[in-house]
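Participant: Here is what each chain is made of, one letter per residue.
There are 2 protein chains.
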Amino acid sequence: MADTLIGAIDIGGTKIAVGIVTAQGQVLAHQSFSTQPEQGPQASVQRIAQALITLTNNQSANLSGIGIGATGPVNPFTGRFGAVEFLTGWQDYDIIAALTAACGVPAALENDADAYALGEWRWGAGRGASPFIVVTVGTGIGVSLITAGQVYRGVDGAHPEIGHHIIDPSGPPCTCGAHGCWESLASGPAMEDWAARQSPSLPRRTGAELCAAALTGEPSALAAVQRTARYLGLGIANLVTLYAPQVLALSGGIMRSSELFLPVILNTVQATCAYVPKEKTRILVLESDALAGLRGAAQVWLSRSDEPKIE
Amino acid sequence: MADTLIGAIDIGGTKIAVGIVTAQGQVLAHQSFSTQPEQGPQASVQRIAQALITLTNNQSANLSGIGIGATGPVNPFTGRFGAVEFLTGWQDYDIIAALTAACGVPAALENDADAYALGEWRWGAGRGASPFIVVTVGTGIGVSLITAGQVYRGVDGAHPEIGHHIIDPSGPPCTCGAHGCWESLASGPAMEDWAARQSPSLPRRTGAELCAAALTGEPSALAAVQRTARYLGLGIANLVTLYAPQVLALSGGIMRSSELFLPVILNTVQATCAYVPKEKTRILVLESDALAGLRGAAQVWLSRSDEPKIE
Chain S
1 MADTLIGAID
11 IGGTKIAVGI
21 VTAQGQVLAH
31 QSFSTQPEQG
41 PQASVQRIAQ
51 ALITLTNNQS
61 ANLSGIGIGA
71 TGPVNPFTGR
81 FGAVEFLTGW
91 QDYDIIAALT
101 AACGVPAALE
111 NDADAYALGE
121 WRWGAGRGAS
131 PFIVVTVGTG
141 IGVSLITAGQ
151 VYRGVDGAHP
161 EIGHHIIDPS
171 GPPCTCGAHG
181 CWESLASGPA
191 MEDWAARQSP
201 SLPRRTGAEL
211 CAAALTGEPS
221 ALAAVQRTAR
231 YLGLGIANLV
241 TLYAPQVLAL
251 SGGIMRSSEL
261 FLPVILNTVQ
271 ATCAYVPKEK
281 TRILVLESDA
291 LAGLRGAAQV
301 WLSRSDEPKI
311 E
Chain D
1 MADTLIGAID
11 IGGTKIAVGI
21 VTAQGQVLAH
31 QSFSTQPEQG
41 PQASVQRIAQ
51 ALITLTNNQS
61 ANLSGIGIGA
71 TGPVNPFTGR
81 FGAVEFLTGW
91 QDYDIIAALT
101 AACGVPAALE
111 NDADAYALGE
121 WRWGAGRGAS
131 PFIVVTVGTG
141 IGVSLITAGQ
151 VYRGVDGAHP
161 EIGHHIIDPS
171 GPPCTCGAHG
181 CWESLASGPA
191 MEDWAARQSP
201 SLPRRTGAEL
211 CAAALTGEPS
221 ALAAVQRTAR
231 YLGLGIANLV
241 TLYAPQVLAL
251 SGGIMRSSEL
261 FLPVILNTVQ
271 ATCAYVPKEK
281 TRILVLESDA
291 LAGLRGAAQV
301 WLSRSDEPKI
311 E
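Protein sequences, first through last, are from chains S and D. Position 189 of the first sequence, counting from 1, maps to 189 under this note's numbering, and the rest follow consecutively. Position 287 of the second sequence, counting from 1, maps to 287 under this note's numbering, and the rest follow consecutively.
Among the hints, erroneous ones may be present.
You can't tell identical chains apart in this list, so a pair holds if it fits in one copy or across any two.
Stated by the list, open to error - Derived pair list, reagent style EDC-like, types lysine to aspartate or glutamate, alpha-carbon separation capped at 16 Å:
| no. | residue 1 | residue 2 |
| --- | --- | --- |
| 1 | 278 | 289 |
| 2 | 278 | 156 |
| 3 | 280 | 156 |
| 4 | 15 | 85 |
| 5 | 280 | 193 |
The set of hints was computed from the structure by calculation and includes no laboratory data.
One chain only, chain S, in its complex shape (with noise of 0.2 Å):
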């Protein structure tokens, strides 16, 4: 495997980034352009084989294969996009295809948490744990679950909704159709939802800015950090209780503040959880790294390879 290199490529709704690494996880050659969601998939499709042309003329082998790591709803089956919000005129196109015909070599396709997820279970935090989880706190609760090196799969490869499993029935209402998922509860905009109804007189104050406040102590945003460190501490129990993971990673915006919210959790997660064995469970915060989605991205196509068949 030593002269493997794969084409590792990272879809966001603002920026695509594309690099070349190796199956050690290293990252030889990257770039990253706007993605221009307007100009329609097959415009990004070229520049993404452009940059791969480029960016592989130097390097001494060819690539075996190509990982994508794509925000929002995608079908790693079929290639295909769901309804992403930031990608308009991209639904149902088949993005395996069309980069398989652009550069010649089979392409494989997660979205971009499970991207990330196995990168982390290849060559980081989560370095050969089974089960591995990560849970992503910011806009929504996004949780990946990879069980011995694979995506956890459900019926027909469907993906489960783990952020929006219940943990209180006297919550907010949410679109998944549920009174107090776990996303309605500990979510960043959840937090700030709770917030400005405590507070109706103030201007609304973002998720960054009620952590801030709260570290100096000021009591209105301390609440709401506290409620949120509750509902996230319970969720995180959940998660142990449910999947007896070997490390469970945070990451997302909300954990930026990590020091806010770990104490909670990790006290949550001790006093209760009894009936697994919660102290072989790793609990741990990610750090932030701008090469995680490439290396994340190239992991896909290295285990898809060893990947089960599903029939």
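Fit chain D to the given chain S structure using the hints.
Facilitator: Below, chain D alone, put in the same frame as chain S:
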């Protein structure tokens, strides 16, 4: 595999059943005897070995292996019993080593609920489904998760405790350390406790009595059933969101009155779970089958030989 015969052992707190099962799930012969835990596990192993010799006497092939389903926490990897309430004196006893020595063939062990789920996955209502979930609602809520024909394993092979995930933090305390875990809200005793608290002047009623009274329309019993059905629905909806199962099968004492609970369960899943393909999840009630425990034990042996090793 036509001549493969499996020794199947179903160890309960009151009864041990022993059978000879084909690789096609046919129970060729079986017998059972009372457990007599006070005589210790070694006496039971002798009786099991004797029963296997008797039962195989008329068979055309020898046993290729022994599968065991046993009540209570057991360690499938060490073969040892945990602290099993009904089997005093069995703790730390290595049933795999003992049976292998007594019978001269290798053996494999699972908790009886997982064994039952494996049998239903191979030959029953969950035939070939992945993921396949069995929820047993009785004195507790036991959940078995089978993915690709194997018991889901957490860290170091740990068993998750899905029945103890929190669904309403305003609920009662549980020995798991949480308030409002699923079992504390929706098991048989949870229903009985709640009904007794609502009508402290009446004699305490069992789950079966409450279900029978609810079927006649008696208001206080109906209220207890409706509350239980609501929480069963929330928990089942969570399992659909958390695991995206292909088949979710309900079992256990409470489900003998499934007509009281199933409509609410199905409605709850329908009203929530918007981001998983819930229409692909088949939810059903398992029919009672006296030989299901033995078939499950046989499948413990068959599936173990296919299972990836835990390193």
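Participant: Against this structure, judge whether each hint is valid.
Facilitator: Here is what the structure says about each hint:
| no. | hint | result |
| --- | --- | --- |
| 1 | 278 x 289 | neither (28 Å within a copy, 36 Å between copies) |
| 2 | 278 x 156 | between (31 Å within a copy, 11 Å between copies) |
| 3 | 280 x 156 | between (31 Å within a copy, 8 Å between copies) |
| 4 | 15 x 85 | within (14 Å within a copy, 58 Å between copies) |
| 5 | 280 x 193 | neither (35 Å within a copy, 34 Å between copies) |
Of the numbered hints stated above, those contradicted by the structure are hints 1 and 5, listed in ascending order.
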